[in-house]
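Student: Sequence:
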Amino acid sequence: MGEVVLKYVSQDDFLLNERRRVMKKWISGLSWNERFEVERDRVVFPQPRLLTPKDIAGDLRRLCGQGRSRRLRPGEEATLISAIESLLEEIPTDPIIAAERIEESLSRILRKVCLEELFDHSVAMRQLECHWRIMLTQLRCSARYHDELSQMRDVVRAFSIAEQRGVLVNLNQKNALV
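Residue numbers (the numbering used here): 1 to 178.
Hints may contain errors.
Label-pair distances were calculated between CB atoms; the ranges are [said to hold, decoys possible]:
id	residue 1	residue 2	range
1	I134	P53	54 to 60 angstroms
2	M152	S107	46 to 52 angstroms
3	Q66	E89	41 to 47 angstroms
4	G166	E77	21 to 27 angstroms
5	S82	K54	26 to 32 angstroms
6	G58	S122	39 to 45 angstroms
7	E104	K54	37 to 43 angstroms
Please keep in mind that the hints were generated in silico from the structure rather than gathered at the bench. What you are looking at is a predicted structure, and each value in this text was computed from that prediction instead of being measured. Using N, Cα and C, we set each Cβ at its ideal position, and we do this for glycine too.
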């Protein structure tokens, strides 16, 4: 009975021998009913499975695809979104960012986070383009734009150029991003 309880004690604990001694002494002093209660109320913590880098890479390939049709991985997507947010914060000081062609904006974003290898992945680039267009359109429709940025002529001109180039999402269309 004591050995059953002991197998649930952490094997990594540096006080393992001391704990085993205390547990054996404690269990040996229990009556049969108390031992039954201890066994019934114990909590089993499953040992975590060790994942190798090969397992992780294989799962990522299965989830995100590979080759030209590879999608953005979650960490890449979060990094790119934060880069887009920081670029959008720079628009009042550098309005050209909003007026650039999509290809130029995407290359600026990828260079900023050192992910230039994504240029070869068309699906990932399409995802990035959608994020850029949506977030730029959100800024254009935000209260911040109407309260603060609409007072700056350069910013207004840059957003009108972006709208003419089709960079902003046309919210009047049924399938705006397609």
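Student: Against each hint, give a clear statement of whether it holds in the structure.
Tutor: Verification of the supplied hints:
1. I134 / P53: 54 to 60 angstroms: 33 angstroms, violated
2. M152 / S107: 46 to 52 angstroms: 25 angstroms, violated
3. Q66 / E89: 41 to 47 angstroms: Violated - the Cβ-Cβ distance for Q66 and E89, about 34 angstroms, lies outside 41 to 47 angstroms.
4. G166 / E77: 21 to 27 angstroms: 23 angstroms, holds
5. S82 / K54: 26 to 32 angstroms: 29 angstroms, holds
6. G58 / S122: 39 to 45 angstroms: Violated, at about 23 angstroms.
7. E104 / K54: 37 to 43 angstroms: Given about 38 angstroms between the Cβ atoms, the range holds.
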